[in-house]
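Dock chain B against the given chain A, drawing on the hints supplied.
2 protein chains.
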Amino acid sequence: MREAYKPVVIEGVYPELDCGRYPVKREVGDVFEVRANIFKEGHDKLAAVVKYREKGKRKWAESPMKLLNPGLDRWGGSFDLTENARYEYAVEAWFDEFETWRSETEKKVDDGQIVELELIEGREIVAKASERSGDARLATMLDEFDGGFYEDRLGLLFSKDVRVLIAEHPDRTRSTCCKNLEVVVDRVRARYAAWYEMFPRSQGTEPGRSATFREAEARLPEISSMGFDVVYLTPIHPIGTTNRKGRNNALVAGPDDPGSPYGIGSEDGGHMAVHPDLGTIEDFRHFVHKARELGMEVALDLAVQASPDHPWIREHPEWFKFRPDGTIKYAENPPKKYQDIVNVDFYSEDWRGLWKELRDVILFWVEQGVETFRVDNPHTKPLPFWEWVIREVQKDHPGVVFLSEAFTRPRVMQGLAKLGFTQSYTYFTWRNEKAELVEYLTELTQDEPKEYMRPNFFANTHDILPHILQFGGRPAFQLRLVLAATLSSVYGIYSGYELCENTPRGERGTTVYYADSEVYEYKVWDWDRPGNIKEYVARINEIRRENPALHELTNLRFHEADDENVLFYSKTLGENTVFVVVNLDPHEAHEATLSYPLGIVGDDEAYMIEELILQNEWKERGPSRRVRLDPGLNPAEIFRLRTPRTEA
Amino acid sequence: MREAYKPVVIEGVYPELDCGRYPVKREVGDVFEVRANIFKEGHDKLAAVVKYREKGKRKWAESPMKLLNPGLDRWGGSFDLTENARYEYAVEAWFDEFETWRSETEKKVDDGQIVELELIEGREIVAKASERSGDARLATMLDEFDGGFYEDRLGLLFSKDVRVLIAEHPDRTRSTCCKNLEVVVDRVRARYAAWYEMFPRSQGTEPGRSATFREAEARLPEISSMGFDVVYLTPIHPIGTTNRKGRNNALVAGPDDPGSPYGIGSEDGGHMAVHPDLGTIEDFRHFVHKARELGMEVALDLAVQASPDHPWIREHPEWFKFRPDGTIKYAENPPKKYQDIVNVDFYSEDWRGLWKELRDVILFWVEQGVETFRVDNPHTKPLPFWEWVIREVQKDHPGVVFLSEAFTRPRVMQGLAKLGFTQSYTYFTWRNEKAELVEYLTELTQDEPKEYMRPNFFANTHDILPHILQFGGRPAFQLRLVLAATLSSVYGIYSGYELCENTPRGERGTTVYYADSEVYEYKVWDWDRPGNIKEYVARINEIRRENPALHELTNLRFHEADDENVLFYSKTLGENTVFVVVNLDPHEAHEATLSYPLGIVGDDEAYMIEELILQNEWKERGPSRRVRLDPGLNPAEIFRLRTPRTEA
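These protein sequence lines are chains A and B, in that order. Mapped onto the numbering used here, the consecutive letters of the first sequence carry residue numbers 1 to 648. Mapped onto the numbering used here, the consecutive letters of the second sequence carry residue numbers 1 to 648.
Heads up, a few of these hints could be off.
Same chains, same names: a pair is fine if it fits in one copy or spans any two.
Stated by the list, open to error - Subject to a maximum C-alpha distance of 27 angstroms in a straight line, what follows is the list of computed DSS-like cross-link-like pairs (lysine-lysine):
no. : residue 1 : residue 2
1   : Lys160    : Lys66
2   : Lys336    : Lys107
3   : Lys321    : Lys128
4   : Lys45     : Lys336
The hints are simulated quantities; they were obtained by calculation from the structure and are not laboratory data.
Just chain A, with the same shape it has in the complex (with noise of 0.2 angstroms):
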């Protein structure tokens, strides 16, 4: 039988994720809202609080918790998410000896009763609560209260100060205290920020050479005025030369072929080196600075892989796994093989000594300025690894970002989000038909994942060139990115998206490969290309910055647009409400009428809106409107609504 039992139940915490076993995820600047279920035998007063502190420090603080639902005893908290940190956090409750007291009491006071013996046993609780607080001014209320007449006592023991006191110094013995639980808060830009990848060696402008980090830092400011946050590099180390991939990723490479950079290391260096052909450290970090400057962050791939001429190689062969006839094992997805590969062997004898290696790659980058990490295949390598090492980065570097490569099956994906991944990679590339986008951003942006995923919708990539944009051309390219930029408030386009490039390596809706990719040669490519939407590139973003309701991702809602072509939904934030309508089909122009949520518009209430896209101003009227989205010349509105009551 236990010491003291502790008769308060705390059951249901929101938010806890798998019991506690991994973190939930939120960003500087939110307020952690904390719920519980609470209660215990009889009718008796609780008080309750949640408990927080960055994890490591010794003391917490407290937030107090209010009765939200008495029927279903449903507490509420909150606290405000100030630093980059991981956070510890708890609920705390036990029974109000006073304030039950002062309940019952009250009660029979109302009914005429005569309570002189009530106050006496009301005397004992503050005696308590003086004992055990030594407060001089709870002392100073007993004498008055043995002072005085019954009129006195009552008035006394009834007393706003009497009753803000005792509560300053509860008795806590019997308290029940839930598991420590903890939530990951990130910096903004981990949920909010629009991507751009490239390849650093396809941004000059002379064919057939490597560009240089020189070169690639003058397209920056376009980059920038593009309206993007955040500048991705594919690989940007030493390629090796054994069985090295050509053109069109053919078997065997030309003399004059590159290599493609996931081919990591040679002799001039592994994964803490730079190709010498883009330069060297110092124009890698100059590029990151220009950058900077620019209000833009640099990510830098991160390929857990070995070309076969990798320094690790001779370095540390305990690494890798070697066949019975002494060779090493090449990279191999039966009966595919991949000989310009060598995986790591993470359940080598010295898996330590690789694990450290690779956290000290990364610490290596972040010493140079890095502070995003897109992780190529995550889920090829082993989760344990994963949550090892971003907590051993985090640990110094809390604003380091992760992101997940995983485009696996859903539990692997979000067992890598769980477990501490920043952002992941998702299928949106992939979902094209509104009930199916419907349904997977429900998932993403209401249901458990939007405690610990923050999906990065990337409409392109250098390996997926989708089938609705090789062959919905230019308003395609329009509506994906609308749909990315708006429905999640993280996403990403790879290069050439701005300029609707979307030539296949095969026939059209065979493959998602590019033809002639940038993976296996260098490219120049002309910026200004005639059928280019960098324009509109850049208002989409401009529209991001403008309105906060998109930085966000759990405030969309999705409303009634009465065709099945076209998706109409919202995202509020405060004072601001954003309206997003697509038309999903890059070939014909829909009509469909779109229903407000309720309370938006009275029924024959006028109003305006500003669509933000072509920047136009009309007035309607009443709860619904018809729209007419044309491929050619609006495949989408962004827009918000102004009616006497949001101007007033």
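Quick look at chain B alone, frame taken from chain A:
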């Protein structure tokens, strides 16, 4: 950094209640189904088992799990619950190196590749298994491999023998195990029983005095012939005289008023004594014995409260609260006072002594042959006490059933069920409308409460005469009986129900108390009085016995009936499907078209209706049928279908 990290993730284990804080509940004979999401990085093959054992035993048994849904990484397994005991269970999973090798090598062979090196790698896996297990058959196979040519080696490593042997000796050094969870396996009576509540002192034939156990015994054959399984007696202990309540809860008792049996304790004894007017403890044992002969068991009322004359007050004043003036503290619900009752103080310095005494009270009655306790107002006593005392009792007496008589807020009622109460009173007594019945029953039978809460549906109690019975008369008694007896698998009535006794203490509809309640006076009943529904009750209980589907709770499914007064549902177990249709309005006849669930009856298929209450049979055709329920004739139908298919 951990010693050998465990790469397999196990999450989303089902069933699991509040992160394993509480056990789930099942009954002897059930197959216990376990589910979990299990995954690791990459595409390796995994293996998993459910482990289980009776709590307290050292050795685990194991049952293999299968991958049920590869896309969702959902695995499942099961084991048989054969003992009335508390079981532990857990999920363990690991990487299956041999199956991974086998699957990858098979793909290469199918692709026409030579797998000489792969075979040597496969041999290595077999060699490790041989070493680990010391299994001579594996050693023999290794010899055979070493002496063989390529084709022999291939055939050997892909033989069923090797596969089976390796599976017998898995390498679990890196296996992951979820936390140990618990399931309380009760006897079937915990789920399936019909209860009959009565005041033993009112079972006689002579007015103005208490009936005895011997007289009450004389009623047992009739109760048994009505088909009841449990006879529940209100408290049988000596009753205090101080501040005793009179008839109809009068503040002052008349000289001949026997007092409420809930005012427990007098100079004749307390909770371990029987009221002398009922007889001796031997008489009680005789009563229990007689009930058992008739296939019934006796349930006692456990009311943890005392009259001011209870021996505890003299012998253990430390278990009670005294006022500043030295008087004992009576029960109160301010401004109301209950001066005939004093509550024990669960926060007494000697709470341990009090807890043990209460446990010993239960054990005393267990020794007298009582295996079921209806616990009065458990929600006014600390929840940790109940958790402790139920475990203490069930440790040596796992068959003891505790029914929680808590009518309070849902979280508290659920909390009591979670912590260990075998059955629970419910809101059924107040649910009359179709929508609210569907909603409440869906919660109880399909949502999480089904894992831990067994709803005992009482159609009335000695303190609750629902308005529908007050106004609806005989048809109301019939329809509410059918609902209670078929919606839940365990239900009860309070004696007088079979007589359609429905006179309230005041105006109809203003109270739920009975007029001249047995709680405060001796009663003599004419158990054969006109208008009784004894035969109807007997028939309903007979139908329950004959149909295994009605012994289950979670198999309840609602079906469409196109009238809001008509409730239509079914239960299925194996070949046995029972349909129930009830007219919820005791005043008017209603008609409805019933739609059978898909696949039961073909579009123009003929079938026989076998109606079980009135025992008629007739022919119908097609997937829906018209029913007319007339309160005076057939307020409900319980029926089975016979189609050529069900005959086959």
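With 27 angstroms as the alpha-carbon cut-off, assign the pair Lys321 and Lys128 to within, between, both or neither. between (70 angstroms within a copy, 17 angstroms between copies)
My question is about Lys336 and Lys107: at a cut-off of 27 angstroms on alpha-carbon distance, are they close within one copy, between copies, both, or neither? between (80 angstroms within a copy, 9 angstroms between copies)
Could you figure out if Lys45 and Lys336 sit no more than 27 angstroms apart (CA to CA) within one copy, between two copies, both or neither? Between. Shortest inter-copy distance 18 angstroms satisfies the 27 angstroms Cα cut-off; intra-copy 68 angstroms does not.
State whether the alpha carbon distance between Lys160 and Lys66 is at most 27 angstroms within one copy, between copies, both, or neither. Only inside one copy: Lys160 and Lys66 sit 19 angstroms apart there, 64 angstroms across copies, limit 27 angstroms.
Checked against the numbered hints above, the structure breaks none of them.
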